[in-house]
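This is what each chain is made of:
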Amino acid sequence: MLPYSDQKEKLNKIKSGKLSLKENIESFLQRIEENKKLNAFNFVLDNEAKADAERIEQKIKAGKAGRLAGMVIAVKDVLSIKDKPTTCSSDILRSFTSVYTATAVQKLIDEDAIIIGKTNCDEFAMGSSNENSAFGPVLNPIDNERVPGGSSGGSAAAVAAKLCDAALGSDTGGSIRQPASFCGVYGLKPTYGRISRYGLTAFASSFDTVGAFANNVYDLSILTEVMSGKDEKDSTSSDNKIPEITNNLTADDRKFRIGIAKEYFGKGLSSEIREENKKLIKKLADSGFEIIDITLPHSEYTIAAYYILTTAEASSNLARYDGVKYGHRTKEKAPLTEMYKASRSEGFGSEVKRRIMLGTYVLSHGYYDAYYIKAQKVRRLIKNDFDEAFNKVDIILTPTTPTTAFKLGEKSSDPLEMYLNDIFTTSANLAGIPGISIPIGKDSNGLPIGTQLLAKQFDELSLLQLSYFIEQKIFT
Amino acid sequence: MNEKYEAVIGLEVHAQLLTESKAFCSCSTKFGNVPNSNVCPVCLGHPGVLPVLNKKVVEFITLMGLATNCTINERSVFARKNYFYPDLPKGYQISQYELPVCEHGFVTVTSKDRDKKKVGITRIHMEEDAGKSIHDQAFETLVDVNRCGVPLIEIVSEPDIRSAEEAVQYLTKLRQIVQYLEICDGNMEEGSLRCDANISVRKKGQKEFGTKTEIKNMNSFRNLEKAINFEIERQIEIIEDGGKIIQQTLLWNPDKNEAVPMRSKEEAHDYRYFPEPDLLPVIITESWKKEIAAKLPELPEVRRERFVRDFNLPVYDAEILTLNKGIADYYEDIVKVTKDFKSASNWVMGDVLKIINEEKIDIKDFPIKAENLGELINLINEGTISGKIAKDIFPIMLKEQKSPLEIVKEKNLVQISSSSEIENVIVKILEDHSSEVNTYFEGKEKVFGFFVGQVMKATNGKANPKIVNDILKAKLEKLRN
Ligand SMILES: [Zn+2]
Chain R
1 MLPYSDQKEK LNKIKSGKLS LKENIESFLQ RIEENKKLNA FNFVLDNEAK ADAERIEQKI
61 KAGKAGRLAG MVIAVKDVLS IKDKPTTCSS DILRSFTSVY TATAVQKLID EDAIIIGKTN
121 CDEFAMGSSN ENSAFGPVLN PIDNERVPGG SSGGSAAAVA AKLCDAALGS DTGGSIRQPA
181 SFCGVYGLKP TYGRISRYGL TAFASSFDTV GAFANNVYDL SILTEVMSGK DEKDSTSSDN
241 KIPEITNNLT ADDRKFRIGI AKEYFGKGLS SEIREENKKL IKKLADSGFE IIDITLPHSE
301 YTIAAYYILT TAEASSNLAR YDGVKYGHRT KEKAPLTEMY KASRSEGFGS EVKRRIMLGT
361 YVLSHGYYDA YYIKAQKVRR LIKNDFDEAF NKVDIILTPT TPTTAFKLGE KSSDPLEMYL
421 NDIFTTSANL AGIPGISIPI GKDSNGLPIG TQLLAKQFDE LSLLQLSYFI EQKIFT
Chain H
1 MNEKYEAVIG LEVHAQLLTE SKAFCSCSTK FGNVPNSNVC PVCLGHPGVL PVLNKKVVEF
61 ITLMGLATNC TINERSVFAR KNYFYPDLPK GYQISQYELP VCEHGFVTVT SKDRDKKKVG
121 ITRIHMEEDA GKSIHDQAFE TLVDVNRCGV PLIEIVSEPD IRSAEEAVQY LTKLRQIVQY
181 LEICDGNMEE GSLRCDANIS VRKKGQKEFG TKTEIKNMNS FRNLEKAINF EIERQIEIIE
241 DGGKIIQQTL LWNPDKNEAV PMRSKEEAHD YRYFPEPDLL PVIITESWKK EIAAKLPELP
301 EVRRERFVRD FNLPVYDAEI LTLNKGIADY YEDIVKVTKD FKSASNWVMG DVLKIINEEK
361 IDIKDFPIKA ENLGELINLI NEGTISGKIA KDIFPIMLKE QKSPLEIVKE KNLVQISSSS
421 EIENVIVKIL EDHSSEVNTY FEGKEKVFGF FVGQVMKATN GKANPKIVND ILKAKLEKLR
481 N
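Which chain is which? The protein sequence lines are R and H, in order.
Under the numbering used here, the letters of the first sequence match residues 1 to 476, in that order.
Under the numbering used here, the letters of the second sequence match residues 1 to 481, in that order.
Okay, derived cross-link-like pairs now, DSS-like style, lysine-lysine, Cα gap no bigger than 27 angstroms in a straight line:
no. : chain 1 : residue 1 : chain 2 : residue 2
1   : R       : Lys341    : H       : Lys132
2   : H       : Lys30     : R       : Lys233
3   : H       : Lys132    : R       : Lys333
4   : H       : Lys81     : R       : Lys374
5   : H       : Lys402    : H       : Lys354
6   : R       : Lys325    : H       : Lys81
7   : R       : Lys13     : R       : Lys59
8   : H       : Lys364    : H       : Lys342
9   : H       : Lys117    : H       : Lys226
10  : H       : Lys56     : H       : Lys81
11  : H       : Lys81     : R       : Lys377
12  : R       : Lys262    : R       : Lys374
13  : H       : Lys55     : R       : Lys233
14  : R       : Lys241    : R       : Lys392
15  : R       : Lys8      : R       : Lys64
16  : H       : Lys173    : H       : Lys289
17  : R       : Lys383    : R       : Lys456
18  : R       : Lys279    : R       : Lys473
19  : H       : Lys4      : H       : Lys118
20  : H       : Lys30     : R       : Lys325
21  : R       : Lys331    : H       : Lys132
22  : R       : Lys233    : H       : Lys289
23  : H       : Lys289    : R       : Lys230
24  : H       : Lys55     : R       : Lys230
25  : H       : Lys55     : H       : Lys295
26  : R       : Lys353    : H       : Lys81
27  : R       : Lys325    : H       : Lys132
28  : R       : Lys64     : R       : Lys50
29  : R       : Lys341    : H       : Lys81
30  : R       : Lys50     : R       : Lys162
31  : H       : Lys118    : H       : Lys204
32  : H       : Lys55     : R       : Lys241
33  : R       : Lys233    : H       : Lys56
34  : H       : Lys81     : R       : Lys233
35  : H       : Lys56     : R       : Lys230
Here are the simulated distance ranges between beta carbons:
no. : chain 1 : residue 1 : chain 2 : residue 2 : range
36  : R       : Ser413    : H       : Val34     : 49 to 55 angstroms
37  : R       : Ala370    : H       : Lys132    : 34 to 40 angstroms
38  : H       : Val34     : R       : Ser16     : 55 to 61 angstroms
39  : H       : Asp255    : R       : Ser413    : 55 to 61 angstroms
40  : H       : Thr211    : R       : Ala370    : 25 to 31 angstroms
These aren't lab readings, by the way, just hints derived from the structure by calculation.
Using N, Cα and C, we set each Cβ at its ideal position, and we do this for glycine too.
Work out the full structure: start from the sequences and follow the hints.
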């Protein structure tokens with residue numbers, strides 16, 4: 001559909017004059033217009049993108065362009081871009097404009113990527129279907145009656161529908177991997193601390209990560225490589241050495257030990273997803289990879305621990321939206337506490353309110369030990385499970401989601417059922433390890449099925465190498 | 001206080017740290033700038049911002065911990081204290097809760113009767129200040145965020161204090177230490193040093209503590225003393241009347257000299273503390289601690305002893321001079337110029353401190369340079385001027401910032417020590433006042449003073465008083481014969 005397979009080819013084609021970046025941008029903008037019903041974008045930066053294209057095309061011709069030159073990227077509307085709106089798909093920030101640029105976005109801009117717009121998402125990244133947005137739901141490009149997944153639904157849909165080359169998302173409990181799986185694209189959640197969070201609107205600070213969506217492993221690799229690294233503005237970012245990924249995308253000489261955890265293939269998993277994943281495992285075994293059965297015994301507590309800890313952090317992170325300094329303030333001129341209540345009641349959607357209340361409760365005097373402290377202990381146990389597993393294997397393979405994309409409205413009345421959609425993805429955020437979702441097939445409805453690969457902290461290289469092998473050698 | 005009772009008091013003291021930049025962003029901490037000008041996305045709590053710890057804050061709190069005999073925890077953790085207020089942009093204050101930097105310390109306070117007593121320090125932790133709400137009629141409430149994120153340390157004492165006087169001594173001691181460490185200016189009126197008190201009373205000999213109340217808003221030593229005494233009396237009265245103390249927070253009203261309970265709604269805070277996920281634990285390694293310890297200045301007690309030893313001063317003088325680091329520095333600068341240590345002490349404790357206290361100024365802003373005051377003392381001791389003239393020169397030095405010698409020359413105030421010159425004046429005066437001379441011979445010796453006065457008047461006070469005395473006596477004796 002696109003006249004190039006990845007960024008490497010795109011850059012070469014522009015250099016050699018076979019591809020006009022200007023026309024490339026025009027065609028993306030046209031596709032965005034044609035696919036407006038998907039509701040993938042909150043804002044399209046058309047004029048800026050056109051101007052960037054002209055400038056960067058010159059740079060490419062002059063041989064002075066960065067590694068991402070001409071790559072057209074959509075950014076989830078929870079990441080700040082200077083002088084552009086950052087709404088988090090919330091009424092409370094509908095009128096908010098950022099005064100600085102997120103580090104991850106700045107790194108893309110520094111390598112001459114073109115930011116084409118900001119994508120729709122679940123409000124404050126809370127949700128698994130992209131139905132919790134003040135701008136309305138995003139439709140799955142494969143089946144418009146279905147959700148694209150969430151919370152980074154707009155980014156996943158935009159990449160799947162080829163409205164851009166790649167997109168940034170954020171992943172707190174699966175918000176990149178789950179929509180990547182639902183939309184049939186590649187999505188990587190890096191190790192916690194690998195990519196700076198500075199400029200990412202906080203949902204749950206000790207879980208939040210910035211990552212990317214792409215249509216191929218090479219693009220995902222180069223984006224991850226560029227965005228990684230220590231940032232003085234983010235104390236929790238790591239100075240762990242950034243591996244050379246794009247130069248090492250050949251998995252032939254690395255025979256990974258691949259772990260299969262029975263806890264991730266139990267009941268609740270759709271049989272078609274199970275089958276497709278089993279087929280992949282078989283093919284990997286046939287290709288000479290060692291398949292090892294492992295156990296992650298505390299898996300059943302992941303959702304509970306996850307929702308206690310993330311809502312606790314969220315209740316505090318979202319306290320700043322109070323109608324005092326910026327964002328929505330109620331029209332009611334009332335005493336201070338009433339102003340707070342009215343502004344927040346009007347500004348936040350119901351899922352955000354639910355999580356703020358839950359988080360406030362678990363941190364309250366008398367409940368803190370029973371919930372927060374206990375959940376922290378569970379988090380430690382889950383991390384230990386993974387540490388132990390990674391003594392035996394290099395990569396753990398699981399399905400990304402228990403089901404394929406569900407219908408709009410299907411689960412919105414039952415939050416608990418909605419939360420269970422993240423059952424395979426939240427553990428990586430609890431443990432701080434990297435995870436990727438790769439498309440491996442389709443179900444009988446033609447809906448994409450994904451596989452999730454998990455590796456130990458800071459081993460994005462192994463994840464991307466195995467993904468590359470699967471992309472190049474198994475699904476050719 | 002009723003003799004049957006004793007008070008149990010603990011203080012929570014907040015000291016604003018003198019760092020150049022705020023605790024978690026690079027904004028200036030400068031006081032008095034245009035409202036909302038020392039701000040950035042971080043201290044304004046914009047979406048997506050993250051705090052980055054200013055290392056100076058850790059250094060300063062470690063200095064304080066070392067100076068107050070605390071254990072310095074190798075690992076401490078920031079926590080969020082959650083509450084809504086317009087001058088708190090993030091909706092939470094970054095503080096420390098379960099794991100502070102310093103614990104288990106003490107300071108020694110000295111009472112008026114020179115008794116020494118240890119007051120335990122439970123903990124010292126770091127936190128950030130909130131902004132200021134200004135309640136203005138025309139605009140209802142205005143918020144100034146400049147102070148948001150300015151680093152504070154909170155020093156929590158053990159309930160070891162037994163009277164308002166002791167509380168004042170303890171706070172004085174803390175102020176002295178932070179000033180010596182140069183980590184806080186110690187100004188209570190401007191709020192860089194703030195104090196809350198937990199107070200309960202119990203019958204003497206009773207082991208259990210009584211129910212305590214907390215008093216806030218005492219912005220001077222005077223108010224601290226008054227508020228504590230007020231609360232002790234109030235509690236004793238209630239108990240004596242058979243009542244029970246209610247645990248509550250009271251606000252001191254300095255205009256009415258009374259403490260009023262806060263509305264229960266205001267104090268019913270559940271701060272929902274939890275570890276701050278945006279900041280890593282603070283690790284103070286043994287080597288960093290040593291590096292910081294090497295920067296510890298001479299502390300007040302050591303300096304006081306040195307003053308007694310090196311300058312041969314009475315303990316009382318040394319104590320007063322070392323109370324404030326700036327004063328002590330000033331004194332040491334004087335005695336670099338003059339070797340008359342005791343005179344230097346008298347000048348500082350008398351004339352200098354009088355003006356500092358009257359004008360409520362810092363010694364740094366005192367107009368007379370230490371070296372000039374030293375020179376003034378030397379001029380007296382060399383006999384160039386009399387002590388009386390020196391007292392006249394002092395106010396001129398305050399105004400004109402000239403060296404005393406310049407002033408002496410300019411105003412022609414050099415002491416007349418020439419015997420012949422003085423003798424001429426005396427002869428003339430005795431001639432002019434023959435009746436008074438007779439009165440003197442009749443036995444009214446106090447007329448002698450009159451003659452001295454006349455001599456001084458004739459010489460504009462410049463005559464060397466000792467020489468005047470000697471010659472006057474000799475002349476009168478001569479006349480008598
Ligand atoms: Zn700032």
